[in-house]
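Protein sequence lines correspond, in order, to chains A and B.
Numbered by the numbering used here, the letters in the first sequence go through residues 12 to 189 in order.
Numbered by the numbering used here, the letters in the second sequence go through residues 12 to 543 in order.
FYI, nobody ran anything at the bench for these hints, they're computed from the structure.
By construction, the Cβ of each residue, glycine as well, lies at the ideal position given by its N, Cα and C atoms.
There may be inaccurate statements among the hints.
Claimed, not checked - 20 Å max Cα-Cα, derived EDC-like pairs, lysine to aspartate or glutamate:
#, chain 1, residue 1, chain 2, residue 2
1, B, Lys243, B, Asp320
2, A, Lys131, B, Asp39
3, A, Lys131, B, Asp40
4, B, Lys43, A, Asp57
5, B, Lys23, A, Asp39
6, A, Lys27, B, Asp39
7, B, Lys285, B, Glu233
8, A, Lys36, B, Asp40
9, B, Lys23, A, Asp93
10, B, Lys28, A, Glu128
11, A, Lys178, B, Glu19
To be verified - Pulled from the structure, derived: some chain B residues nowhere near chain A, Cβ distances all over 10 Å:
#, residue
12, Glu19
13, Lys28
14, Asp40
15, Gln47
16, Asp143
17, Phe454
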Amino acid sequence: MLEDEILKWRFRQGSKEAFCRVYEKYLDYLLTIAAGLTSDFNTAEDIVHDVFVMFASSWQNFRQTGSLKSYLTTCVMNQARDRFRKAVRQSSDLKEYTSTDHTDNLDCLISDETSKELNKAISELPYEQRETVILHVKGGMKFKEIARLQNVSINTVQGRYRYGIDKLRSLLNGEVQK
Amino acid sequence: MRPAEEIENNLKNMSLKASAELRKKILDDALKAHQQSKTQPAFDKPNIWRIIMNSKTSKLAAAAVIAIVAFATWRISETNNHISSIELLQKIQATEGKLYAGDKIVHIVNEITVYKSQYNPKTQEMIQKMNDQKMSADELDKMNRELISSWLVSWLPMCSLQPSGEMRITEIRLAKDANEAHTITDSAWYDPKTRKFVRTMETGDKVIFANSYDGEFVNITETAADGMVQLKSEAIGSTFKAPENPAEFLGITAGVRQCMNDKCFSQPVQDVTKGTLADGTAVVIYKVGFPNPWGDLNTYYLFKINQADEIIAEIEYIYAGSTQMLIRRVLNEQVDKAEYSWNLAELNSKELANEAPSGVTVASDVAIPNVSIRHMVDTAKFETYIFATDPNWTKGRMIIDIVDTLNPAERMFVAIYQPKDNDTRLTLIIQSETHNKYMGALFKQHEAQGAKVNWKEYANGCKVFRHAESEAFWTELSFKNCQVEPSKDRTGLIVEMPSGTYCLIAVNGAVTDEEIAEMVNSLIPAKDYQVK
């Protein structure tokens with residue numbers, strides 16, 4: 012946390028080194044979050060690319076006082092959500108964005124079977140549940156924070172999380188037909 | 012059925028690693044965007060410190076920053092994610108103020124331990140080394156960093172009350188030759204009905220500092236250059252008004268008010284943790300510091316608040332991983348009578364330190380606002396300069412006399428020229444002996460390395476050096492310290508005087524070449540101004 016505060020301070024001064032440190036520190040993490048949200052590695056790559064390009068060019072106006080990690084996670088989440096909505100608009104079939112077909116390019120990057128299984132199961136979750144589970148478990152965000160981002164009540168977020176985890180358990184135990 | 016915890020754990024452990032190709036592609040694009048956003052590199056906050064430290068001549072301007080930082084000690088600030096420093100300090104002082112109430116006399120005792128100072132002798136040696144030896148660029152860079160970092164060290168200000176009713180800032184420090192820590196007992200008695208008070212600081216059986224108000228006189232000890240302590244009494248001035256909150260100048264929080272008036276730096280509370288003191292008291296520990304220009308937070312305070320009563324229990328000041336000062340609350344009680352008379356009559360010569368203390372000293376007057384030119388001339392041990400004619404965009408001048416942090420026996424002077432109502436160009440002249448030595452040594456080193464310094468010489472023999480990028484940085488800090496929003500087109504000049512000394516001039520706005528020439532040519536030795 013302390014290092015992030017210093018990085019933010021130096022980044023605001025225009026430090027390229029500070030940006031590079033942020034990049035090195037959070038690239039893999041954000042890529043994992045983006046992949047979890049989209050279930051598609053190519054889309055995740057694009058999202059993370061856009062987020063870092065936007066972040067790099069924003070140093071003069073960067074006034075974020077909260078956690079840097081949360082800020083970047085939120086940027087990824089917003090990008091993923093935009094793409095999801097766009098995909099929904101372009102296709103009446105919601106499965107376009109949630110289909111397990113897209114997980115193929117992700118599968119080759121995940122080495123262990125458990126993670127592959129889990130990744131496929133996550134892609135089966137409704138988007139709101141997936142977002143809640145990913146942000147809470149991988150992003151370390153509190154339900155209150157997620158509720159603010161999703162503009163819903165904390166009870167709704169807790170509900171989405173509970174349903175999401177229950178569905179993952181069912182999927183992973185073969186109780187739900189894909 | 013797999014438990015939810017297992018799914019959560021698996022999800023937590025799942026991670027992707029970007030390929031080297033992807034890593035490079037995103038970074039290249041992002042850096043390109045970063046570079047493109049720098050449309051105005053000179054004034055739009057460039058990475059000044061990288062430029063300063065990579066450029067031979069621009070390192071000179073790093074010296075300028077020092078002045079600003081030196082009198083920016085103990086800057087705390089606005090907000091962070093969870094708690095702002097300003098809120099913390101307000102809370103600490105408000106809670107402390109409640110202790111000074113009741114029907115009886117309030118007696119508060121703190122113990123202040125001052126540890127062996129690590130920086131002053133070393134930094135003086137560094138400047139000497141810069142003067143004596145030719146250094147490589149790397150050595151000079153390292154030296155600059157160490158010197159500037161050590162300059163950032165600050166002490167918790169100790170406040171006392173003056174006959175005018177204004178606060179006076181003093182500081183406690185070890186003498187240069189002190190080899191071990193010293194403990195000072197800080198006692199205060201306060202009568203809530205009459206607002207009379209006594210404050211004493213004792214080490215061993217010697218009183219090294221005392222301040223009291225007896226209803227008619229303010230009594231205060233003065234420490235002479237030879238370390239002798241004398242008690243002086245002065246009738247209160249017509250403007251005297253006993254402060255509402257004694258916690259502003261008595262006890263553990265004396266000086267916090269000064270911090271609350273200063274919002275220059277947005278330093279957050281960096282960390283909040285729970286802990287236990289040596290006596291088992293459960294405390295919440297707030298870490299408040301000021302990162303140096305390289306982002307290292309090696310100077311900070313730990314405010315330890317008692318969880319049970321929310322009263323501050325300890326303040327610890329840490330520099331470079333070592334505790335420099337620890338203030339510990341020992342006693343809060345209500346008594347019928349103070350141990351000293353309100354006029355400190357008991358403080359006769361045998362109780363006062365009648366010889367230079369070998370260890371700890373109290374440096375009075377860390378900052379004295381609004382001093383005269385005569386005072387500056389008499390106090391400075393170097394030739395000081397002033398404008399013979401104030402710049403035509405200004406309407407008044409104030410000189411502040413500040414302790415030269417790296418060389419406490421010396422003083423630093425900042426002349427502040429207020430702008431006229433239709434102008435925003437606040438103007439500063441900053442001068443100190445350490446600047447003279449440091450800048451002189453820096454120029455010498457650069458010349459030894461074969462670097463050419465582009466001076467512009469003026470009719471009165473003054474020479475001006477400018478470096479746009481670094482001056483944007485140090486002038487920004489300067490104006491923020493004066494509670495003024497720095498303008499984008501601000502100006503900073505490093506001036507070498509005919510006497511071989513240096514002064515820094517900062518103007519909060521654009522100035523034409525003619526205006527610069529007029530300003531620089533107007534600089535005269537301050538002693539001659541008196542003659543006029």
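Hint by hint, here is what the structure shows:
no.	hint	in the structure
1	B:Lys243 with B:Asp320	violated (38 Å)
2	A:Lys131 with B:Asp39	violated (32 Å)
3	A:Lys131 with B:Asp40	violated (31 Å)
4	B:Lys43 with A:Asp57	holds (17 Å)
5	B:Lys23 with A:Asp39	holds (13 Å)
6	A:Lys27 with B:Asp39	holds (12 Å)
7	B:Lys285 with B:Glu233	violated (40 Å)
8	A:Lys36 with B:Asp40	holds (17 Å)
9	B:Lys23 with A:Asp93	violated (25 Å)
10	B:Lys28 with A:Glu128	holds (18 Å)
11	A:Lys178 with B:Glu19	holds (13 Å)
12	Glu19	violated (5 Å)
13	Lys28	violated (5 Å)
14	Asp40	violated (5 Å)
15	Gln47	violated (7 Å)
16	Asp143	holds (33 Å)
17	Phe454	holds (26 Å)
When each numbered hint is compared with the structure, violations occur for hints 1, 2, 3, 7, 9, 12, 13, 14 and 15.
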